[in-house]
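Trainee: Chains A and B are the protein sequences, given in the same order.
According to UniProt numbering, the first sequence is numbered sequentially starting from 1.
According to UniProt numbering, the second sequence is numbered sequentially starting from 1.
Incorrect hints may have been included.
In silico DSSO-like pairs for lysine-lysine, Cα to Cα no more than 27 Å straight-line [as the list claims (entries may be wrong)]: (1) Lys421(B) with Lys295(A); (2) Lys307(A) with Lys414(B); (3) Lys307(A) with Lys309(B); (4) Lys261(A) with Lys248(A); (5) Lys367(B) with Lys309(B); (6) Lys295(A) with Lys414(B); (7) Lys421(B) with Lys307(A); (8) Lys573(B) with Lys282(A); (9) Lys284(A) with Lys421(B); (10) Lys282(A) with Lys307(A); (11) Lys497(A) with Lys295(A); (12) Lys407(B) with Lys295(A); (13) Lys307(A) with Lys407(B); (14) Lys497(A) with Lys414(B); (15) Lys295(A) with Lys307(A); (16) Lys248(A) with Lys284(A); (17) Lys497(A) with Lys421(B); (18) Lys211(A) with Lys261(A); (19) Lys309(B) with Lys407(B); (20) Lys395(B) with Lys295(A); (21) Lys282(A) with Lys421(B); (22) Lys375(B) with Lys284(A).
Source of the hints: derived by calculation from the structure; they are not laboratory data.
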Amino acid sequence: MDPSASLADKLASKTASSNSLDSSSKSSSLGSKHGGGENGILRDTPFGYLEGEEDQDQKNDVTYVCPYRGPVFGALTITNYRLYFRSLPLRDQEPPVVVDVPLGVIARVEKIGGATSRGWDGWAVYEPLAELRRLGVPNDMWRATKLNESYAICDSYPAVWAVPKAASDDFLRRVAQFRSRCRLPVLSWMNPRTQATITRCSQPLVGVSGKRNSDDEAYLSFIMEANAQSDKLTIMDARPSANAIANKAKGGGYESEDAYKNVEINFLDIHNIHVMRESLRKVKEACFPTTDDSKWQTAIDNTLWLKHIRCILAGAVRIVDKVETMSTSVVVHCSDGWDRTAQLTALSMLLLDPHYRTVRGFEVLIEKEWLSFGHKFQQRIGHGDNKHSDADRSPVFLQFIDSVWQVSQQFNNAFEFNEHFLITIVDHLYSCRFGTFLCNTEAERVAEDLKHKTTSLWTHINSSLDQYLNPLFPSFTHGAELVLRPIASVRSVRLWKGLYCRWNPGLCAPQHGCQRTRELLSKQDQLFKLVNELRLKSNNRSNSMQTTTRLASPMH
Amino acid sequence: MLTTTSATPFKSYVAPLPGDMRATADTNEWCLPSVLRDVHLAKPRLLQGEQIVASAPAYMYSPIDPMDSSGGSGSTLSATSSASGTPADRHHKEATFGLLSVTNFKLAFVPLHEKRNQAITAPLIDLYQENIYLGRNEITLNNIDHIYTISELGRAASALQAARGMASHAGMSRRKKLEPFKQQNISGRIAALHIVCKNFRLLKFAFQQQDSKMFGASDQGKLIASALVRFAYPMRHDLSFAYAHREPYYSTLGASGTSMYATKNDWARELIRCGATEWQVVSCASVQLLQNPLQAGKYTVPPHFVIPKSCSVDRFLDLSRAFCDSRAAFWVYSYGSSAALVRLAELQPAAQQDTKSENVMLELVRKCDAGRQLKLLQLTDRLPSIQDVLRAYQKLRRLCTPETPEKFMLQDDKYLGLLEKTNWLFYVSLCLRYASEAAATLRSGVTCVLQESNGRDLCCVISSLAQLLLDPHFRSIDGFQSLVQKEWVALEHPFQRRLGHVYPAQPAGGNAELFDSEQSPVFLLFLDCVWQLLQQFPDEFEFTQTYLTTLWDACFVPIFDTFQFDTQAQRLKAVTDSQLVLRPVWDWGEQFSDKDKMFFSNPLYQRQRGDLGAQAAAVAHRRSLAVGHKGAHGGGSGVTPSRNTINPQLFATASSVPQDRYLQPAHRIFDLQVWDQCYYRWLPILDIRGGGQPQVDLFHRLLLSNIAKVQRCLDYQNFDDLPDAFYEFAGESRPNQLKDEKPDKEDEAEFVDGVERRRKPTAKAATPTSGLTSVPGKLQLSTLSSFFPFGNPIAGDAPLQLYDILSSSSELLMETSSFLDKSSIV
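Starting from the given sequences, assemble the full structure and let the hints guide the process.
Mentor: Spelled out as C-alpha cells, the structure:
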C-alpha cells in the first residue's frame, strides 16, 4: 500500500482531543468530505496570523460536534501553528462557535469511522511475512525463508515459506526432490498457544517399490518435534486409501507407518476432481430447467454432492480435533497437494482461527492457501482456454466456498461476512473482471504482473463492505465459539439454494433477510449515541465544578 | 468400539472402576457390593399419588456418542475410543449406572454417581429446560410408544454390547418388540431394553445378571419389562396417573388472554371479533332435544357450536344425523365482510347415496355469505389419511432414533432419499398448500367449507393453519393457545385415541393393524406446519420453536387434561365420576419456572400497535359481557355452561381482524426443512455446540437486553449501570475494570502494517486475572447447544450472564408499551 495515501486517509476524518485546560476541544469530532474547497475561500479569518504562520489546509464544509450545542457547521483551518474552527453564522444574534487550539496542545488524534469507505488496494491484503508474524513465526522452532523467491525450487509454491528451523536450505532442496512436483511440507497454520501446526505438501514419491528417503523422514520428525505438546504426528491423506495405493503405480503413494517414526496416517476418503465435477453436473441437472418437487430430495441425494461436502467437513473437523483437542501437529496432503489439500487446510484454519472468519481474514485465507500455494485456478476454471471439456476442470474451489457456507449456516454469528460475500466471490471466480483468480501459480501471476495490470477482487469488495457484512456477527462481543466444530452429517448439510438455484425462477426461495436484526442494531446504536452525549455533558458539568473521580459502577 | 470387543470388553463402557468390573465379569458377578448398597439411596422423586411399581439397577446409554461423528469411516471409532480424549468426551461414551424405576406415572432413571459431578454441572443444568414434574432422565409412561427387549442368548458378557445394539452381536442377542397385552412369555434373559418415545427419544438400558442376596436371583430386565407392559399401555383412561394425582389446582390463567372456548360467551366473543353476524352459538345445555337422555345418545356434538342463524337448532340437529359424528357445518372463523371458514364432516357411509342433507346444509351455509358464494374443499381426497400420517411419522422417527453409530451412518449415506420416502415433509407441504388455498379463498371474500370424513382430524390442521395465515391475533401466544383450544379441544380432536393414551382391549386374534388404526400424530403434523411458518416468517410469531416442541412434549403429561380426551363429554364425565382435577396445559407455570417460560417468547417478534388495540378491545368486550351477565362465565372451567344468550348484534358488527397482515407461505418440499430441535434433540451427535438458532436468538436477546438497559438508564438519568456493549461501543473500558487493554477499531489497519493484536482471546484469558468465562474488555456470548434449551448443557457457560440477558430482554418483550413497534424503530 502506498504509505502517503494511507497517511492522507488518516487525516481525512478524525477526532482530536487535547489535554489542555480548554475542555471545549475535548472530543470534538470533525467529519470532512473531500472535494477541494477552493471556490473562494474567504481570507477574512478573524484570527491574527503569527509571524511565520501559514495555512496548511482549509475545509469549508466541516461539522464540529460541540458538546454543548450539538453539531455546528463551519469552516476549519489548519495552519502550521493552530487548528481553527469557526461556525458559519446562521442566526445573527448568536455568537459564532470558535475553536482555536494550537497544534502542540493536541494530545491525541482519533479517527472515527471511515475505515470501510476508504479506497483500498486488495493486492496488499496478504503480506506473507505479516501473516506469519500473526501466527508467531519466526520463533524457536520455525523460521520464515525466501528460499523460493525465484520460484526455482518449486514453481507452484509461494516465495515465502515457513519451515522448521532445524531444516537447512540444502536440506529443504533435498526433501523437495522426494515430493511430487517438489511440493515439500510447508507451514500453513500454527496455534500460537500450543505450537501445534498444520503443514501441507504433496504425496511422497514412494512408488511401487516403496522407496524411502531419510531426509523426508527426518523432515517430518522435525515438524513433529517443533511441537512439544505431542510425540506423534498425524498425516491426513485426503484421498480414499484405494486411490492412495493406486497412486503408487504412478510413482506416488503415501508415507508408510513403518518408515516414518511416530507417524499415524489417516485417509479422509475425499474423491478426486473428476468425481466432483460429475457430481456438480448432476446438481445442475437437478436444479435446471425443471424440477419435480416430489422427487426433489431423491434427486439431490443422487447427486452425492452433499455427501462430498460432508466428507470435506468431516475431514476438516478431524484435523481440528487433532490440532485443538490433542495438540498434535498435522500434515495434510493428497496427490499434488493443490486441490483437496487446499480445501482441507483452508477449511480447518477457518474453523480453528476466528481471524479467518472476518472479511479481511477470509481474503487472506484465500490468498494464502489457494492462490499462493498454487491451486490451479486457470486449469480448474478454464480461463483463457477453449477446451471446454478439458479433464482438468473441476469445482474444487466452489466446493470449498460451499463448505464455508455450510459452516456459516451452522454457526450463524461466527462470520463477519454474509452469504452475498461468498456468492460474489464465486461470481467473480468466473467473471474475469478482476485479476485475483487468473493464472495457476504465484510465479505466473508475478510474471504477468497482475498486481499492476489488473484490479484485485478484494479492492472491489472492500470498497463497499457494508453489503457483505453479516448483521448477526457481534461487533461488540466475541462470537460464542473460538473453535468451530460443525456437524458433518447429511442431516445438517444442506443444498445451497441461494447459489445453485438462484437462476431458476421456480425455485427462488423467499428471503426474509435480517431486517429485524438491523432495526434492533440501529436502535441500540441510536440509544448508545444518546447516552454517550448525555454522559459527556454531565461529565463536563461535573468537571467544571470539581474534579471528581467517577465511582466504580456495580457489576450487574 | 471395535477394539473393545477383543480382550477387555468393559474397558471404556462401565462407569465404576473398570478394573473391578473386569475381574468380576467372568464370574457373572456384576458390580461392587458397595455400589449395590447405594442403589437404594437413589430413589426417584415421587409426586402425590405416585407409586413405584418396579425398580432395578441398570445402565443407561446415551443414544449415540457425539465423538463418533467426526469420521465418515469406521477407522475413527477405534481411534477415539482408544485414545484418551478429554474427560468430557469420555463422559459421553460411558454408560451411567443407577436405579431404573417404573412408577404409575413415569419411567425414572436416577444416576448413582451424579453427586460427584454436581458441583460442576448443577448451575449449568439450571439453564436448560426443567420440568417440575419430570427430571432429565425421566419420561412419562404416556410417552412410551414401543418397547424392544434385547434378550440375550449367549454369555452375560455380551449384555453391554447388546445394549448398544451392536450389529456384530446380532447372532447372540435378539431384538424383539413387546406388544401390549400380549402376556408373552419373555424367553431368555432380558439383557437390555430399548424404549422408543412418542417424542422421538430413544432410551437404552442394560441389565446385568446377578445372584445377589439383595435382589435375589431374579431377572431385573424382565421385572422392568413386564412392569412397563402392564403400566405403559393402559386399557382404560381412568388408569392414567391423572386420576391418582389429586393435587388441587389453582388457576393462574385468569389474567391471560387465552380463550378456552368452554363457554357460550367465548364463542360469542369470537363471532363479534370476526364480525360474523349471520351465525349463532348453540349450547347443548339449552337445547331440549339434547337434554333428553333418550335422544342425546344419537348426537355426538360438542357442548357449544356455531351454526347458521337461518337454521333452527332442531333442523340443524336433524340434518346432522346424516353426517359422521354429527358434524354438520360448524362455523369456526370469519374473515373480511362475511366469508366464513366452516368445518363439515362427510355423510355417514350408509347415507352416502343420498346427498340431500349435504346439499341442504351447504345451501344454509351459502346463505350466510354476503356474495352467496361458497367453495367446498374436500380434504379426504387431497390430504393423507390418519393412517398415512402415522406411517410417515413412524418412518420419520426411525430416521431420528438410530440405535447405533453404524445405523446412523448408514441412514446418513442416503438420508435425503430416506427422508423423502417417509412422506412426512410431503404431507406437511400438502397441509400448507391447502391451508393457503383456504386462506386465499377467504381473502377473496368467499366462504370456504372444509370437508373431511369425521371433520375432527385434518380439518383441525387446515382450519387452524388457515387462521394462522390470516389473523395476526393467532400468532401471539395467547392467540395461538386460543386457536388450539378452539379448533382442537373445543371442537374435539380425538386426542386420546390419536395420541395413544389408551390402548383398547384387543379383539381375539390380536390384529395389530386394527389396534394401531386409531393412533395418529395429527397434532404433531400441525405443529410441524406451524414450525415451517415460523422458519419462513421469523418475526411474525410471538412464540418460539421451543414453545412448539414443549407443546408436543406436554401432550404426554397426563396431569394436564388439555390433550387427554376425545370429547368434552368424556372430560366432564371424568370430573363428575372420578373427581379428576382439570389442569389446563396453558398454565405453563404449573410445569415450568419463569426462566423456562422466557424461552417461549420470540425475541424477533414485533407486536403491532393494532394488536394492543385489539387486545384492549377484547378485554373491554369481556368486561362488558361479564357485567351484562352478572359474572356468569366462570373463568374458563367450563363446568357450568352459561345459559344466557348473547346477541352479537348488540356489539360492533364489523370484523376487527386486520386485513393486511396475512401470510403467504411457500409450501413446496423444496422450501421445507426438518424440524431439528424437536426431532434431533435426543441425538447428541447432531448437536452443534455454539451454533444453530439458539445462538442467533441469544444474540437478539442480547440486543434487546442492551436496549432495555440503556433505556432504563435514560429514564433515570443514571449512567452507572450501562451494558458492557456500551463501553465497547464508546471505546472505553468498564469503569471497574482497571487493567484493560483498549480495544480500538484500528486493528484492521494495523494488521496491514504488520502490527498485530493477539489473535486468540483464550491466550489472554490464560493470564491469572480473568477466570474461565470472561475475556477482559470484550463480552463473550455464552455457548449454547443447538437444541437449547434441550440437549446437553455445555461446560464453560456463563449462566448468570445468560440469565441476565434473558430476563432483561423478556422485560422488553413482555412490555405492553409499544416501544418496540415496527413504527418506532427507524
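Trainee: None of the hints should be skipped; say for each whether it holds.
Mentor: Verification of the hints:
no. : hint                     : in the structure
1   : Lys421(B) with Lys295(A) : holds (10 Å)
2   : Lys307(A) with Lys414(B) : holds (9 Å)
3   : Lys307(A) with Lys309(B) : violated (61 Å)
4   : Lys261(A) with Lys248(A) : holds (21 Å)
5   : Lys367(B) with Lys309(B) : holds (10 Å)
6   : Lys295(A) with Lys414(B) : holds (14 Å)
7   : Lys421(B) with Lys307(A) : holds (19 Å)
8   : Lys573(B) with Lys282(A) : violated (61 Å)
9   : Lys284(A) with Lys421(B) : holds (23 Å)
10  : Lys282(A) with Lys307(A) : holds (13 Å)
11  : Lys497(A) with Lys295(A) : holds (16 Å)
12  : Lys407(B) with Lys295(A) : holds (24 Å)
13  : Lys307(A) with Lys407(B) : holds (16 Å)
14  : Lys497(A) with Lys414(B) : holds (19 Å)
15  : Lys295(A) with Lys307(A) : holds (18 Å)
16  : Lys248(A) with Lys284(A) : violated (34 Å)
17  : Lys497(A) with Lys421(B) : holds (22 Å)
18  : Lys211(A) with Lys261(A) : holds (16 Å)
19  : Lys309(B) with Lys407(B) : violated (59 Å)
20  : Lys395(B) with Lys295(A) : holds (17 Å)
21  : Lys282(A) with Lys421(B) : holds (21 Å)
22  : Lys375(B) with Lys284(A) : violated (41 Å)
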